[in-house]
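Input sequences plus hints: build the corresponding full structure.
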Amino acid sequence: MSAAYAVEVLKFRRSRVVAVATVGLLLAPALMARAFLIAAEGGGADPMSAKAVLLLPGIGWTGYLGGLIQIYATAGVIGSGIVVGWCFGREYADRTVVSLYASATPRTSVARAKLVLLAVWAVVVGLGVAAAAWMIGTATGLGLPDAADGRVLVRLTTLAVLSGLLALPVALPASIGRGYLPAVGGLLVLVVAAQVATVAGAGTWWPWSVAAVWAMGAGSGTEHVAPGWLAVVPLVVALSGWATVGWWRRAEVV
25 MSAAYAVEVL KFRRSRVVAV ATVGLLLAPA LMARAFLIAA EGGGADPMSA KAVLLLPGIG
85 WTGYLGGLIQ IYATAGVIGS GIVVGWCFGR EYADRTVVSL YASATPRTSV ARAKLVLLAV
145 WAVVVGLGVA AAAWMIGTAT GLGLPDAADG RVLVRLTTLA VLSGLLALPV ALPASIGRGY
205 LPAVGGLLVL VVAAQVATVA GAGTWWPWSV AAVWAMGAGS GTEHVAPGWL AVVPLVVALS
265 GWATVGWWRR AEVV
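Numbering (my numbering), first residue to last: 25 to 278.
Calculated directly from the structure, the hints in this document are not laboratory data.
Don't be surprised by glycine CBs; every beta carbon is placed ideally from N, CA and C.
Each hint should be verified, as a subset may be incorrect.
Simulated restraints on C-beta separations [to be verified]: (1) ILE200 <-> VAL144: 22 to 28 Å; (2) VAL41 <-> ALA155: 36 to 42 Å; (3) SER39 <-> ILE83: 38 to 44 Å; (4) LEU51 <-> VAL31: 25 to 31 Å; (5) PRO71 <-> GLY209: 38 to 44 Å; (6) GLN219 <-> ARG175: 22 to 28 Å; (7) LEU168 <-> PRO258: 31 to 37 Å; (8) GLN219 <-> GLY270: 28 to 34 Å; (9) ALA52 <-> VAL213: 21 to 27 Å; (10) ILE83 <-> LEU212: 33 to 39 Å.
Laid out in structure tokens, this is it:
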């Protein structure tokens, strides 16, 4: 392992931000979806029950996974974006970026190490989201999912992985803006743009909404979204990574 990767792995492993975000992404959306399902099945007249009935596409595993996909479509990008913003923004906030200019390790190697580590983390968390959803569902009385529910779990897994990767472009505003706040601003722009694109009918091709629209499946009237459109996600991620590394190559010391 190169020096850049060794240092970044150490930072990542010891970070409370990463630990809290990881646990939150694995558990919070699934628990929220289960709570909505309980409220919907209860048939109460309170606002939460009424909202749950409108949100969920059915009952049982169908409603649980459908609600989870809708929640994670936004929560996944936000949670992962916070980690990306921390990973890049902390170098400027803590003034450690200055030492990189005197280090024998090239700054571009540091940026690449951060991006690769974040991508691996996003994939691992995405796979863990499906496993956590399955365990929470079975542990709370939903039983075992059938074949149709298994296919929805595959869609959820794909969405979870792609949502984490779609947060990687936040590294660019964090680097250009030299801190956490520009990262948060960039993250909000991505989330709001995805919502606007979906409402405007562009959600089937906009990178930050196409995965969610596809994952919702035929039950939400989005059956015309071909899986091939998901290829736009790694393309955007690769371009943003290239731009981020290029910035780190040319940026001057602050």
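Here is what the structure says about each hint:
1. For ILE200 paired with VAL144, a C-beta distance near 24 Å keeps the hint of 22 to 28 Å intact.
2. Distance hint check: the CB atoms of VAL41 and ALA155 are about 23 Å apart, inconsistent with the given range 36 to 42 Å.
3. In this structure the supplied range 38 to 44 Å holds for SER39 paired with ILE83, their Cβ-Cβ distance being about 39 Å.
4. Between LEU51 and VAL31 the Cβ separation comes to about 29 Å, which falls inside the hinted range of 25 to 31 Å.
5. For PRO71 and GLY209, the Cβ-Cβ distance of about 32 Å falls outside the hinted range of 38 to 44 Å, so the restraint is violated.
6. The beta-carbon spacing between GLN219 and ARG175, approximately 26 Å, falls within the hinted interval of 22 to 28 Å.
7. In this structure the hint that LEU168 and PRO258 lie 31 to 37 Å apart at CB holds, the actual value being about 33 Å.
8. The supplied range of 28 to 34 Å is met by GLN219 and GLY270, whose beta-carbon atoms lie about 29 Å from each other.
9. In this structure the hint that ALA52 and VAL213 lie 21 to 27 Å apart at CB holds, the actual value being about 23 Å.
10. Evaluation of the 33 to 39 Å hint for ILE83 and LEU212 yields a pass: the beta carbon distance comes to about 34 Å.
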